[in-house]
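K.L.:
What follows is each chain in one-letter form.
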Amino acid sequence: MLGSGGGTNQRRVPGEIGIWVFVFADMSAFTFFFTLFAVYRRQNTAVSSIGAAQLHPTSALVNTVLLVLASFLVVLAMTKLRDRGGHRTSAALFGLAAVLGVGFVINKIAEYGDVIGAGYTMTSNEFFTYYFAITGIHLLHVIVGIVVLTVMAIDVLRSGWQARQFTSMENGCIYWHMVDLLWLVIVPVIYFLH
Amino acid sequence: MAEATHPQRQRATVVAVVLVAVSIATWFVLRSDAYHGTRIVGAALLVIGLIKAGLVGYEYMDVRHAPLVLRAIFGAWLVLTGALVLATLYA
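Residue numbers (my numbering), protein chains in the order written: chain A, 1 to 194; chain B, 195 to 285.
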């Protein structure tokens, strides 16, 4: 993705218009969730502060690093594809990014286990309803992203460099980066704000 | 094209290093005695999170090279999200 206009001054829409419509719709839905959550927190400061204290910032940091590194690998994979010579390396990088995504899922499930083990579930109070709903919807996005990256890795490995695939690959990358950037906003909203 | 990709990799690497370093620095702030869940620090951390999201968008999603309308919509999402959350919480 990065620098696909490299070397020219021409502006271009990365991927297809359709993926951007989806991305902005999805990001707007999360903005709506964040705002609802902020309304709740403002009206229930004490309960939400107690709830926030039960969360694990270290787990959030680990997951942030995993997603950022996965996004970085996806950029490298696309750069390799653009070189039209490194399709095996590109497939490996997409695959490795998917593995980091799996790491995110495992860490998130462990975090849910800790929170539930401490006696807090989705029905404990509204704070945890928002916590499980927002992070759970995001987790579903990560799982879809892992499938997308895996399919891309297999596709690149099987067919090598095919110019006709490139826009589809860009679409997949844009989706994955959206998953990453949403997480970067979810962390302060859910874990840090008071 | 191959000649142009090397600086792109370097740029992607710098972005990744900045994102990870800022995330780790944020984590240290949270664990320090200086935090105490104050509003101003919480608001600053949200703004930092939105700047990090902007970096992913402009650099990794290549919004930087996109037409003005796409850059404007993306920038508007960042500003609107931050403004809505902060205004709802603190205004």
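Worth flagging that the hints you see were computed from the coordinates, not collected in a lab. Any given hint could turn out to be false.
Partial list, derived from the structure: chain A residues whose beta carbon lies under 10 Å from chain B [as the list claims (entries may be wrong)]:
| id | residue |
| --- | --- |
| 1 | R42 |
| 2 | V47 |
| 3 | L69 |
| 4 | F128 |
| 5 | T129 |
| 6 | F132 |
| 7 | G136 |
| 8 | L140 |
| 9 | V144 |
| 10 | W183 |
As the structure is a prediction and not an experimental result, all values here were calculated from the model. Here a beta-carbon is modelled for each residue, glycine too, at the ideal position from N, C-alpha and C.
K.L.:
Does the closest beta carbon of chain B sit nearer than 10 Å to the beta carbon of V47 (chain A)?
P.N.:
violated (14 Å)
K.L.:
Taking the least C-beta to C-beta distance, is V144 (chain A) closer than 10 Å to chain B?
P.N.:
With a minimum Cβ separation of about 17 Å from chain B (threshold 10 Å), the hint on V144 (chain A) is violated.
K.L.:
Identify whether the interface hint at G136 (chain A) stands, where standing means a beta carbon of chain B within less than 10 Å of its own.
P.N.:
violated (19 Å)
K.L.:
Under 10 Å is the threshold here; is the Cβ of W183 (chain A) close enough to any Cβ of chain B for the hint to stand?
P.N.:
holds (9 Å)
K.L.:
Please verify that hint: F128 (chain A), Cβ, nearest Cβ of chain B, below 10 Å or not.
P.N.:
Not OK, violated: F128 (chain A) not within 10 Å of chain B, min 18 Å.
K.L.:
May I ask you to test the interface hint for F132 (chain A) with respect to chain B, counting a Cβ-Cβ separation under 10 Å as satisfied?
P.N.:
Interface hint status for F132 (chain A): violated (19 Å vs cutoff 10 Å).
K.L.:
Holds or violated: T129 (chain A) as interface residue toward chain B, Cβ cutoff 10 Å?
P.N.:
violated (18 Å)
K.L.:
Would the hint on L140 (chain A) stand, with a C-beta cut-off of 10 Å toward chain B?
P.N.:
violated (19 Å)
K.L.:
Tell me if L69 (chain A) is really an interface residue toward chain B, meaning its C-beta lies closer than 10 Å to one of theirs.
P.N.:
holds (7 Å)
K.L.:
Would the stated hint for R42 (chain A) survive a check requiring a Cβ distance to chain B of less than 10 Å?
P.N.:
For R42 (chain A), the interface hint holds, since the closest Cβ of chain B sits about 5 Å away, which is under 10 Å.
Going through the hint list in order, the structure does not satisfy hints 2, 4, 5, 6, 7, 8 and 9.
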